[in-house]
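Asker: One-letter residues, chain by chain:
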Amino acid sequence: MSRQLLTGNGAAAWGARLAKVDYVPAFPITPQTEIIETIAEWIDNNEIAGRMVTLESEHSMITAAGAASATGVRVFTATSSQGLLYALEMIYNVAGWRTPFVLINVSRGISAPITLEPDHNDVLATRDSGFLQIHCATCQEILDSILIAYRLAEHNRVRLPVIVNQDGFYLSFTREPVEIPDARSAAEFVGEYNSENMGFRASSPSSQAVAVLGSGPYSYFRYEIHLASLQALSVYDDIAQEFKERFGRYHPIVETYRTEDADYAYVMINCFATKAKDAVDRLRENGMKIGLLRPRLLRPFPAQHILNALAGKKAVAVLDQNLSMGKGGVLHTEIASALYGQPDPPPILASFIGGLGGRDFSAEEFYEIAATLQDAVKQNKTPAPRLLYTETELRAMRKLQAIAHAEREKLKPNK
Amino acid sequence: MCAGCGGLEILHEIYDILGAKTVFTNAAGCMTLLSVYPFTPFRGSWLYTAMASAPAGAQGIRDALDILLEKKRIQPDDDLQVVTLTGDGSAYGMGLSATSGAIDRDLDFLYLCYDNEGYGNTGQQYSSATPHAAITSTSRTSLGYPGFKKDLFAIWVAHKPAYVATVIGAEPLDLANKIETVQGLRGPRLLIGLAPCPTGWDFDPKLTVEVGRLAVQTGIWPLKEFKDGRIRHTKIPKQRKPVEEYLKLQGRFRHLFEPERVETEISLIQARIDQYWDKVIGADE
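Those sequence lines, one after another, are chains L and E. With the first letter of the first sequence counted as 1, position 344 gets the number 343 in numbering that gives the first Met the number 0; the numbers rise by one all the way through. With the first letter of the second sequence counted as 1, position 207 gets the number 206 in numbering that gives the first Met the number 0; the numbers rise by one all the way through.
Don't read these hints as lab results, they were simulated from the structure. Where a beta carbon is used, it is the ideal one built from N, C-alpha and C, also for glycine. A couple of the hints might just be wrong.
[Stated by the list, open to error] Straight-line alpha carbon distances no greater than 25 Å define the calculated DSS-like cross-link-like pairs of lysine-lysine that follow: (1) Lys-159(E) to Lys-205(E); (2) Lys-234(E) to Lys-148(E); (3) Lys-237(E) to Lys-223(E); (4) Lys-19(L) to Lys-71(E); (5) Lys-148(E) to Lys-237(E); (6) Lys-19(L) to Lys-70(E).
[What the hints assert, rightly or not] Take a look, some chain E residues computed to stay more than 12 Å from chain L by CB distance: (7) Asp-15; (8) Glu-243; (9) Asp-277.
Based on the sequences and whatever the hints tell you, model everything.
Answerer: As structure tokens, this is what we get:
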């Protein structure tokens with residue numbers, strides 16, 4: 000075991016290395032590229048035994064990943080944003096193939112307008128695909144989650160691909176101290192890849208991913224994917240416990256921070272949740288009993304864990320770094336579905352949208368959200384969903400618009 | 000499958016030679032419905048991918064088999080030949096980028112495109128493989144398809160893969176020779192098979208072989224191969240028959256002859272064929 004300063008991307012590459020992946024189909028995209036560059040260098044220097052191939056698109060990359068996994072090797076791949084969306088047809092496909100490989104997504108906002116900076120609309124577009132999703136808040140968690148993800152994906156009650164998600168820039172390019180498990184211990188934990196009944200061999204021909212006719216077989220296979228995904232909930236904790244015993248770190252399905260005696264809670268995923276923890280500490284110093292809930296697994300959806308943590312709270316704020324156009328925050332909708340109709344749900348479930356395209360959450364915003372919750376409880380009324388945007392941001396935007404207009408005027412031909 | 004399918008004719012002939020030590024990666028098209036759960040007519044293996052990425056599926060399987068062989072996790076006897084099977088809709092259009100990438104990477108695979116000159120499985124809409132003037136379900140008027148068939152052979156050859164050839168089921172000996180050639184090569188080996196399609200081209204299914212022969216005899220479907228940096232015509236029709244003999248058999252070209260003969264279009268099609276062969280014969284001299 001060694002301790003190093005690693006970026007989120009570096010931690011992801013280490014996760015793949017320690018899982019002894021056989022095959023890495025790749026395609027560059029910011030802010031993910033450092034992962035495949037790192038793995039390529041290790042392979043070129045014979046530090047690891049894997050094989051990497053750069054495909055001509057993410058759509059082909061995911062096809063190759065699924066096909067290789069279906070042939071019987073352990074596969075790792077990585078993408079981000081437009082790449083994930085470009086691959087989306089195959090994301091759904093390979094989940095249906097039941098190919099248990101791991102994909103790291105480095106979250107980045109999606110076009111239009113095109114941007115490099117992070118939010119979660121990319122990964123949430125894969126929400127219904129059959130991929131399991133693990134969302135990380137620290138670089139350590141990225142490395143650890145990749146090792147856990149292989150166990151989960153390859154478990155004989157699951158057999159589904161997994162997306163491990165990290166935020167672009169804030170995590171992908173931020174160095175944090177990371178404990179790197181020693182290779183042997185990691186290999187023992189992850190184990191050898193067992194392709195079970197999958198593979199293409201001359202001695203045992205097989206047809207995979209064939210067409211079905213009629214709704215009977217279609218529904219059957221689709222239900223199977225869903226039920227297998229749900230199995231991951233019960234399987235996960237055994238794996239996380241085993242990980243803790245071996246490496247001393249526990250990564251729960253849902254992280255709770257000071258929620259037990261809390262009246263209020265924030266709900267967030269990924270690395271901005273660490274900012275919420277800081278806000279929780281400050282607010283508690285001022286006497287407000289507030290906590291944080293951070294689901295790590297979004298698929299399968301840990302409804303019971305969320306309900307257990309939030310039942311009895313006076314008010315909950317869901318902070319979404321995504322926007323479902325014409326609806327609102329995706330996470331807010333999901334959390335509501337876990338609470339509605341259950342015993343003792345929080346009467347106030349407020350929605351806040353922020354963090355789009357890398358927009359930061361300021362400490363003041365966390366305090367304002369907390370105050371909004373208190374106010375909502377007093378009035379016994381859920382506040383309208385709020386799109387976070389400050390006057391300063393609006394002024395800066397107006398300035399850009401003024402420049403845009405002026406530039407356009409300059410281009411007009413003289414009258 | 001439809002009676003008289005020219006694509007199936009080619010596939011039969013090729014499968015007889017390649018045999019069961021194969022794994023096919025398939026793109027969305029007519030042949031996708033060969034393997035429908037829980038049945039398959041293939042003695043070997045099969046993976047359906049998607050319309051755009053069957054060659055990438057071949058890449059994943061080939062790489063995985065190589066890794067398994069290298070690490071001695073499978074026996075050499077268990078190795079398979081990887082074959083991509085797509086229609087022209089995929090090969091000429093949506094899958095072209097994936098094919099280009101596979102050739103760039105020198106993927107050791109065989110690609111068979113059965114070319115029925117349109118999106119056949121959805122009812123024969125025109126594709127970039129559709130010939131000039133053909134009536135399709137998206138070019139229904141008496142003008143037919145205004146464009147000209149894309150030269151996929153030339154596009155593939157421009158990548159300089161190990162082997163490219165055109166084939167047709169109606170010329171089984173030529174096809175068998177080419178399959179034998181590709182068996183002795185490694186790297187990307189690509190075949191375009193013209194697939195006379197009774198349903199899409201509107202002719203009697205019993206005429207499939209006849210239509211195929213005429214495609215060769217009129218010179219509209221040149222049989223050729225690219226190997227060792229050179230293009231060679233494998234069957235040069237000595238006395239080319241007029242193209243109208245080929246066109247007349249097919250309902251998709253009937254508007255060129257009825258209610259009255261459209262000489263300009265027939266001449267245009269004939270002229271393009273003649274120009275092609277003038278160059279070929281000139282080059283061979």
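Asker: Now tell me, hint by hint, if it's right for this structure.
Answerer: Results of checking the hints against the structure:
no. : hint                     : in the structure
1   : Lys-159(E) to Lys-205(E) : violated (38 Å)
2   : Lys-234(E) to Lys-148(E) : holds (21 Å)
3   : Lys-237(E) to Lys-223(E) : holds (15 Å)
4   : Lys-19(L) to Lys-71(E)   : holds (16 Å)
5   : Lys-148(E) to Lys-237(E) : holds (24 Å)
6   : Lys-19(L) to Lys-70(E)   : holds (13 Å)
7   : Asp-15                   : holds (17 Å)
8   : Glu-243                  : holds (39 Å)
9   : Asp-277                  : holds (37 Å)
Checked against the numbered hints listed earlier, the structure breaks hint 1 alone; every other hint is satisfied.
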